[in-house]
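K.L.:
Sequence:
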Amino acid sequence: MTVHAAGVVCWREAGSDIEILLVHREQYDDWGFAKGKQDKGELLQETAVREVEEEAGIRVRLGRKLDVIHYKVGKGEDKYVSYWASKVPHKVYSKSRFKPNKEIARVEWHPVETAMRMLSYGHDREVLEKLIEFHKLGQLETRSLIVLRHAKATPRSDWTDGEATRPLLPEGEVQAKRLVKLLKSYGPKRLVTSPWRRCLDTVKPYSKSCKRKLVKRSQITEFKSKKNPKQARQLVEDVFKDTKNALVCTHRPALPEVLEAVSQHATGEMAEPIRQAAALAPSDFLVVRLSMASKPKVLDYEMVSLSEAK
1 MTVHAAGVVC
11 WREAGSDIEI
21 LLVHREQYDD
31 WGFAKGKQDK
41 GELLQETAVR
51 EVEEEAGIRV
61 RLGRKLDVIH
71 YKVGKGEDKY
81 VSYWASKVPH
91 KVYSKSRFKP
101 NKEIARVEWH
111 PVETAMRMLS
121 YGHDREVLEK
131 LIEFHKLGQL
141 ETRSLIVLRH
151 AKATPRSDWT
161 DGEATRPLLP
171 EGEVQAKRLV
181 KLLKSYGPKR
191 LVTSPWRRCL
201 DTVKPYSKSC
211 KRKLVKRSQI
221 TEFKSKKNPK
231 QARQLVEDVF
241 KDTKNALVCT
251 HRPALPEVLE
261 AVSQHATGEM
271 AEPIRQAAAL
281 APSDFLVVRL
291 SMASKPKVLD
301 YEMVSLSEAK
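Quick note on the numbering used here: the sequence shown kicks off at 1 and runs consecutively.
Warning: the hint list may mix true and false statements.
Said to hold, decoys possible - Quick list of in silico lysine-lysine cross-link-like pairs, BS3-like style, CA-CA up to 30 Å:
| no. | residue 1 | residue 2 |
| --- | --- | --- |
| 1 | Lys181 | Lys40 |
| 2 | Lys136 | Lys87 |
| 3 | Lys230 | Lys297 |
| 4 | Lys181 | Lys99 |
| 5 | Lys102 | Lys40 |
| 6 | Lys37 | Lys65 |
| 7 | Lys91 | Lys189 |
| 8 | Lys65 | Lys184 |
Said to hold, decoys possible - Distance windows between CB atoms, simulated:
| no. | residue 1 | residue 2 | range |
| --- | --- | --- | --- |
| 9 | Lys241 | Ser120 | 41 to 49 Å |
| 10 | Ser120 | Thr243 | 36 to 44 Å |
| 11 | Gly122 | Arg252 | 38 to 46 Å |
| 12 | Lys213 | Gln27 | 42 to 50 Å |
| 13 | Glu129 | Gln27 | 24 to 32 Å |
Worth flagging that the hints you see were computed from the coordinates, not collected in a lab. Every value quoted in this text rests on a predicted model; they were computed, and no experiment measured them. Every residue gets a Cβ at the ideal spot worked out from N, C-alpha and C, and that includes glycine.
Working from the sequences, and respecting the hints, build out all of it.
P.N.:
What follows is the structure, given as structure tokens:
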């Protein structure tokens, strides 16, 4: 049996340096990061966020992915733990609801050097080393751009009232609702969508849950993106100028133009996989991690699919 788990290396600014959040398990008398096993029906991103809230009492948003570590547990079972970084603003940590319990006795912030010494396991030190390297490169703090293909829609052959009004299938409506918790793991604030019904209905549940405005842009409809691809690419460039985490929801035929614009900010081996994300299945999305510079660069990316839920 293979065990899947996820966690977060939470960090905060401390002058020109950073501090790391560690948790102490009394049962094992060890220090590590907030993490835990994947629950049935979860994606690992959701597991990571849930575990931090359960163990440290804080609600985080995922930053860039750090690593997937592997080790043996129990009677030789394989365990894989996926880790993300997350910057924790003071106002978030000040609302911590942590209370010592039978699993986690203490939660403490420490400078990276101290945290490195306190960590009980070598594989955790390797994860922290990667975070430290990103910090040295100025690539630890990032913002995200999510490119989402709308959920599963009624087939074209079954709809005669025009493409703009073609609705989601019941399966697509379930996907749209299921996306809410997953998207909250990343916390996009600026929501840009094609005004066509199937895109709007994909993002509306998240928009309502988070009380975020939906910005409708015709440049990324199927018709407009084909007729004037330059406008679709320019729309993406405008989104890049925003410093907020953002989401763009569009159609399969418009994805090549949207992703071409994204790929122009990527270098080397990352550009082509980003373009290939044009093959996203309904309700799947690409998360692009961007630098905080005024002219952002793509630092990393993740492909996320509801089908990966265990």
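K.L.:
Sort out which numbered hints this structure fails and list those numbers smallest first.
P.N.:
none
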